[in-house]
Amino acid sequence: MEHYNMNLTLKVWRQKNTKEKGHFETYNVKGISSEMSFLEMFDVLNEDLVHENKEPIAFDHDCREGICGMCSMYINGRPHGPWNATTTCQLHMRAFKDGETITVEPWRAQAFPVIKDLVVDRSAFDRIIQAGGYISVNTGVTVDANATPISKVNADKAFSTAACIGCGACVAACKNSSAMLFTSAKISQLALLPQGEPERHKRALDMVHQMDEEGFGSCTNTGACEAVCPKEITLESIARMNREFLSASVVSED
Amino acid sequence: MLDSKIPQGDIDKKWTEYKGHVKLVNPANKRKLEVIVVGTGLAGASAAATLGELGYRVKTFCFQDSPRRAHSIAAQGGINAAKNYQNDGDSVYRLFYDTVKGGDYRSREANVHRLAEVSANIIDQCVAQGVPFAREYGGYLDNRSFGGVQVKRTFYAAGQTGQQLLLGAYSALERQVALGNVKQYTRHEMLEVVIIDGKARGIITRDLVSGKLERFFGHAVVLATGGYGNVFYLSTNAMGSNVTAAWKAHKKGAFFANPCYTQIHPTCIPVSGDHQSKLTLMSESLRNDGRIWVPKKKDETRKPNDIPEEERDYYLERRYPSFGNLVPRDVASRAAKERCDAGYGVGTTKQAVYLDFRYNLINKYGRTEASKHNIENPDEATLVRLGKEVVKEQYGNLFDMYQKITGENPYEVPMRIYPAVHYTMGGLWVDYELMTSVKGLYALGECNFSDHGANRLGASALMQGLADGYFVIPYTIGNYLADEISVKPIPTSAPEFEAAEKEVSGRINKLMSIKGSKSVESFHKRLGKIMWEKCGMARNAQGLQEAIQEIKALREEFWNDVRIPGEINEYNPELDKAGRVADFMELGELLCLDALTRNESCGGHFREEYQTEEGEANRDDQSFQHVAAWELKNVGDWTLHKEALVYENIKIAARSYK
Chain Y
47 MEHYNMNLTL KVWRQKNTKE KGHFETYNVK GISSEMSFLE MFDVLNEDLV HENKEPIAFD
107 HDCREGICGM CSMYINGRPH GPWNATTTCQ LHMRAFKDGE TITVEPWRAQ AFPVIKDLVV
167 DRSAFDRIIQ AGGYISVNTG VTVDANATPI SKVNADKAFS TAACIGCGAC VAACKNSSAM
227 LFTSAKISQL ALLPQGEPER HKRALDMVHQ MDEEGFGSCT NTGACEAVCP KEITLESIAR
287 MNREFLSASV VSED
Chain P
79 MLDSKIPQGD IDKKWTEYKG HVKLVNPANK RKLEVIVVGT GLAGASAAAT LGELGYRVKT
139 FCFQDSPRRA HSIAAQGGIN AAKNYQNDGD SVYRLFYDTV KGGDYRSREA NVHRLAEVSA
199 NIIDQCVAQG VPFAREYGGY LDNRSFGGVQ VKRTFYAAGQ TGQQLLLGAY SALERQVALG
259 NVKQYTRHEM LEVVIIDGKA RGIITRDLVS GKLERFFGHA VVLATGGYGN VFYLSTNAMG
319 SNVTAAWKAH KKGAFFANPC YTQIHPTCIP VSGDHQSKLT LMSESLRNDG RIWVPKKKDE
379 TRKPNDIPEE ERDYYLERRY PSFGNLVPRD VASRAAKERC DAGYGVGTTK QAVYLDFRYN
439 LINKYGRTEA SKHNIENPDE ATLVRLGKEV VKEQYGNLFD MYQKITGENP YEVPMRIYPA
499 VHYTMGGLWV DYELMTSVKG LYALGECNFS DHGANRLGAS ALMQGLADGY FVIPYTIGNY
559 LADEISVKPI PTSAPEFEAA EKEVSGRINK LMSIKGSKSV ESFHKRLGKI MWEKCGMARN
619 AQGLQEAIQE IKALREEFWN DVRIPGEINE YNPELDKAGR VADFMELGEL LCLDALTRNE
679 SCGGHFREEY QTEEGEANRD DQSFQHVAAW ELKNVGDWTL HKEALVYENI KIAARSYK
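One line per chain: the protein sequences are Y and P, in this order. Just so we're aligned, residue 47 is where the first sequence starts under my numbering, counting upward by one. Just so we're aligned, residue 79 is where the second sequence starts under my numbering, counting upward by one.
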């Protein structure tokens, strides 16, 4: 692969903490290699800032291989930047050209308050899972793993929704800051498996309720979430969640 | 002195006997007992969830924003279990044997046997939780092969097995949080363990958002904080993976065992430049279908697809005909290094070898698919197209990841790969009950040393993490806590908590007051360079002695010249990292000292002075068939304790994969 170096202008959101107002600051970075990842470009910028005795830019990141779901930059108006099915950490600089200006912001949603700079609080997602994103089974079951065959089609479908990394790009992309794609991914995974059957109604009701509690908006089927999901989770899971929720509401005794 | 507390009796009865006679805590008393779990990866989350289910009052701590981020999530290939679903001759004994042999006869027999025994339960548990493992068309679970093994016992979920298992354990944990049995603290880093009257009774943490120090009491403290591979700076670990919690425990009396056993994984994407912040693994499962080769000619300039078959050196198949491309990791890594050092490496840096799927894509998958579709005499293009579909299903996300990072399409051209630091077999010394040498302080998963000897086999880390958390600690911790039921929670105003917090704040203040000229990152990079060059894939006495001196000097420089911007009482990732790098610089010295002391080659520890004429590791069972457990007096001053390793159920032999 041909590689090249570039100079870039970055407009980055800086915010000292949750309470204070934020603002954009402009930085110039030089000699960025097209082989760097987007976060490595930020490493270079932060090293420069440390040397200039300035405070580096805070951003969330950990595995840097697209699976932990921690990285969360809103790049040129799109969560995780221009590449499809890609997290920020897997975005590489060959996506950009010499001389470009890149704008970087945090996820913006009422339910994801900014902690500092590009770091936001996504604990609302944990609380949605706590509301029912599990199968109530204690450690020590003795049923053999092969006792219940599961059709490969359903197992594969369950896997493709279980692949959600909980990054929150779906919320950041949605004009209503809806968390439907995230919530539906877990509900779908468990609804597709026989093990999830006993709790399916309660799960759908409780998780949707918690989602609303956290201040996420409603879904208007725009599909912005699907377009930016790094794990390519589709609107089909939202449709499945709606069915689950509807049938649960009908049979619910409350 | 080092009592591993291995139960008496036959190897296959030890764990059953232990469970049958271990002390129990009744449900009412469990409610009164508090357990701290630090780290929420596979081992920590499974332990916390299970202890919560049992009725203990549990607190969990992780430095990430959610337990679901722990680096277990990145494990790709699979998890081993002795289910024998393939009817290919697997058994508990074989998994036990393969693991001990794979570890080059440097692990503890009783622990490994227990691991093999509970392995099957793990799969049952995960399926019950809704983990979507790969299945065959009949609806039953599928398996694949991993290195150092001749059966198919690895369960998987595409190249995202760690993610699926972690999310299973995470969901079990969140359920306990919802039920009020577990209190979860995120963005909290453990910075000290509190010891009262010789027993671990709590921890000091720093809230990474506010910068505040906090004190927490527990009747017992469980560490599940992962490995220390980031001491090398570049590794496949996450950026935040660190040794700090384990190191604080070590400095408070927990012995550190076999630090020199580090695993260099053979198939990672090579370094592309100085900017590199981490390395990315390409799962070992790819060696099921990928063949590793280099050109037979030095300084080859042709593109890989233009090099004819007879001019390729499939060096693993040549050197190890019976295991071929599926030799264990340490063997495959050294063989890659040998070829590159000899001048046969490929790519711009010449520090890479090819991992090529074309052969199996065409011959294995392409032909099978063609015959399924009744296509007679298919041409090569058709075979490639058909084979690609199958390969995509097996490893799709890995191929995509490779393409994003390198810009090359691995379906068309072979991957370029090179070994990289991946896992650390060494860790806190623990006895059979997973208790460290500090009473009431436990270590689970990668942060202990016990099961993998000098080299871990692929797909065994997930197995060990979940075995420790779901099936071992819930029994063994009760044996300790049964004697603690009358101990009332100790107020965190106790002088020991006071002193521990003072120690932490003193250290943080000292770091912030240096106001030097060099970034934390620059010190970490320099440490990593010393470690990789002098204590990496091949080590020798002279290099290790130099490394120790260089690390000491670097540490001195760090404490005089590091620059940490920002304030203490705010979100300050530079400060978080400074503390971790400071600990790595102490561990680095011990790692080199252990490597220097172990005058033999075994598993991931390869001393150039100790090799056979064919370049294979030369073990010295006479002098080194023991665990090296180090006690810290002061940094730079360690005392060595030895735990003899006894093999009663396996005949030790030279490890051969030929």
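None of these hints come from the bench; they were simulated from the model. Note that this is a predicted model, so its numbers are computed, not measured. Hints should not be assumed to be uniformly reliable.
[Stated by the list, open to error] With beta-carbon atoms standing in for the labels, derived distance ranges:
(1) P:SER734 x Y:ASP94: 24 to 30 Å
(2) Y:GLU146 x P:ASN487: 24 to 30 Å
(3) P:TYR437 x Y:HIS97: 47 to 53 Å
(4) P:GLY351 x Y:GLU245: 48 to 54 Å
(5) Y:SER293 x P:LYS261: 56 to 62 Å
[Said to hold, decoys possible] One-sided excerpt, in silico: chain P residues whose CB lies under 7 Å from chain Y:
(6) ARG147
(7) ASP202
(8) TYR218
(9) ALA256
(10) HIS353
(11) GLY421
(12) GLY425
(13) LYS428
(14) TYR649
[Claimed, not checked] Keeping only pairs whose Cα atoms sit at most 30 Å apart, straight-line, the calculated DSSO-like set for lysine-lysine is:
(15) P:LYS588 x Y:LYS100
(16) P:LYS261 x Y:LYS100
(17) P:LYS517 x P:LYS261
(18) Y:LYS57 x P:LYS655
(19) Y:LYS198 x P:LYS161
(20) Y:LYS67 x P:LYS593
(21) P:LYS517 x Y:LYS76
(22) Y:LYS100 x P:LYS517
(23) Y:LYS62 x P:LYS161
Where is the CB? At the ideal position from N, CA and C, for every residue including glycine.
Check each numbered hint against the structure and report the violated ones by number, ascending. Hints 1, 5, 11, 12, 13, 16, 21, 22, 23 not satisfied by this model.
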